[in-house]
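Trainee: Each chain, letter by letter, is given below.
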Amino acid sequence: MTQVPIFNPIASQDKATLEKIALISGQDIYQCMQCGTCSSVCPMVETMGMTTRQGIHLLQFGKTAAVMDARIGELCASCHSCMVRCPRGIDVAKVYDAVRQLTLRENINLIDLNEIPKETLTDAPQIAFVSSFRKLTS
Amino acid sequence: MKLAYYPGCTLKTKARNLEDSALAALKALSIEVKELDRWNCCGAVFSLADDDLIHHIAPVRNLIRAQEEGCEGILTLCSQCYNTLARAHNLMIDDEEKRDTINRFMDEEPDYKGEVQVIHYLTYLRDHVGWDALREKVKTPLRDLRVAPFYGCSLLRPDDVAIEKDPTILEEFLSALGAQTVSLTEARECCGSYQSLANPDAEQQRLGKIFGAVNRSGANAIALSCPMCEYNLGRQQHQLLEQNANLTATPTYYFTQLLAVALGIEAGVCHFDLNGKPAFELLKEKSYIVSAAS
Ligand code: SF4
Ligand code: SF4
Chain U
51 MTQVPIFNPI ASQDKATLEK IALISGQDIY QCMQCGTCSS VCPMVETMGM
101 TTRQGIHLLQ FGKTAAVMDA RIGELCASCH SCMVRCPRGI DVAKVYDAVR
151 QLTLRENINL IDLNEIPKET LTDAPQIAFV SSFRKLTS
Chain R
9 MKLAYYPGCT LKTKARNLED SALAALKALS IEVKELDRWN CCGAVFSLAD
59 DDLIHHIAPV RNLIRAQEEG CEGILTLCSQ CYNTLARAHN LMIDDEEKRD
109 TINRFMDEEP DYKGEVQVIH YLTYLRDHVG WDALREKVKT PLRDLRVAPF
159 YGCSLLRPDD VAIEKDPTIL EEFLSALGAQ TVSLTEAREC CGSYQSLANP
209 DAEQQRLGKI FGAVNRSGAN AIALSCPMCE YNLGRQQHQL LEQNANLTAT
259 PTYYFTQLLA VALGIEAGVC HFDLNGKPAF ELLKEKSYIV SAAS
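Listed in order, the protein sequences are those of chains U and R.
To convert, count from 1 in the first sequence and add 50; that's our numbering.
To convert, count from 1 in the second sequence and add 8; that's our numbering.
Read the hints as simulated data drawn from the structure, not as lab findings.
Remember, it's a predicted structure, so these values are computed and weren't measured experimentally.
The C-beta atom is built at its ideal place from N, Cα and C for all residues, glycine as well.
The reader is advised that the hints may include incorrect statements.
Keeping only pairs whose Cα atoms sit at most 27 Å apart, straight-line, the calculated DSS-like set for lysine-lysine is [unchecked claim]:
{"id": "1", "chain 1": "R", "residue 1": "292", "chain 2": "R", "residue 2": "35"}
{"id": "2", "chain 1": "R", "residue 1": "35", "chain 2": "U", "residue 2": "168"}
{"id": "3", "chain 1": "R", "residue 1": "20", "chain 2": "U", "residue 2": "168"}
{"id": "4", "chain 1": "U", "residue 1": "70", "chain 2": "R", "residue 2": "106"}
{"id": "5", "chain 1": "R", "residue 1": "217", "chain 2": "U", "residue 2": "168"}
Quick partial rundown of chain R residues pointing at chain U, CB under 10 Å, derived from the structure [as the list claims (entries may be wrong)]:
{"id": "6", "residue": "60"}
{"id": "7", "residue": "61"}
{"id": "8", "residue": "210"}
Construct the complete structure from the given sequences, taking the supplied hints into account.
Mentor: What follows is the structure, given as structure tokens:
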């Protein structure tokens, strides 16, 4: 009997990226049932290129580049609203933190000090700088 | 319980209005706290990456300092410090493997096993003073203030560090000061946090939502506890109002400033200049200010 080849939609390179995300976040994105709760409570979702639910769906198929292009990780404010409400117990904030880490670990910064207006540099509190640089620089 | 007071970086400069009003209020309530010796920055955000332990060193070191001083608790004011220290504390209790690695990495320090409780000022007031006792100490009830309590994220999430489940603590606190509280749909949501630096447009969009809700609530003041929220809602407010003629300005206050004013403490201690002019004007107009020193 001839064996039917199993179609595997995820390229090996994407699989390696997914493994990294799983390792950094400690989360199993395949638990997601696409309910959209995370997106409905996300305060930053309107500025992202796609919703957090869509992002998880694409990640499940290894489409990490599309999720990075949508800047979900970059625009996440780590508010944890998604995490406390996900009915499948996924720490969505950790998933997108891991996506952001992938960019940062390529030595790419997501904030440029030179682009911050002078008024902000004088006015903003220390924690704004410490958290921005912790979250958005490599 | 012996407590060490942990100020964090921002409270010594940009948020002096938070620290000085809070400490003056404690004094007026006959509570003595001693600042932790040799504290360091907590890191402002708790590291979410599972393979990143190095960023837990800073908050844990502060907990070790408090432990060395024989303190059973560390008292915090800034919401982000509270969150970072409390999560680091929980990590050191819950994750044996990470605890061992972190302790071994800091082999020059005594081990930390979760001996120091991380307490926020609001919780401390509720548990050690109590709302009824606080109400009795109020000299200037803030009767005509309709205050929107803004919790933000760091006091509430994740659940294991929430200062209260389904929180009403800020409302109870404000009522004890004699103020009216309004119900604010955005009270438990994010202010946009550090995104105001890297993505100011995203931040403005967030602020638009928050101030829409504040205006609908009928509040004439906002009370908060976080210097990040204060920067976004307070100092960035003018940009939002310039773009949106239909929104009304609403001054922001640290909850401790309202506390100090209600306790009859001289206004200079509150550094209202750091909140912007309208904040001071409103309290003056309501005749709450003891001495117009600010
Ligand atoms: S943690 Fe990030 S992704 Fe989750 S709700 Fe908050 S901003 Fe959105
Ligand atoms: S809330 Fe959880 S289960 Fe629902 S879409 Fe988001 S990640 Fe998936």
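Trainee: So, for every hint listed, does it hold in this structure?
Mentor: Hint check:
1. R:292 / R:35: Roughly 23 Å separates the two Cα atoms, so the pair holds.
2. R:35 / U:168: At roughly 38 Å apart (the allowed maximum being 27 Å), residue 168 of chain U and residue 35 of chain R break the hint.
3. R:20 / U:168: holds, 21 Å
4. U:70 / R:106: Holds. Residue 70 of chain U to residue 106 of chain R sits at ~19 Å (cutoff 27 Å).
5. R:217 / U:168: The given pair, whose Cα atoms are some 26 Å apart, holds under the 27 Å limit.
6. 60: holds, 8 Å
7. 61: violated, 12 Å
8. 210: holds, 4 Å
Going through the hint list in order, the structure does not satisfy hints 2, 7.
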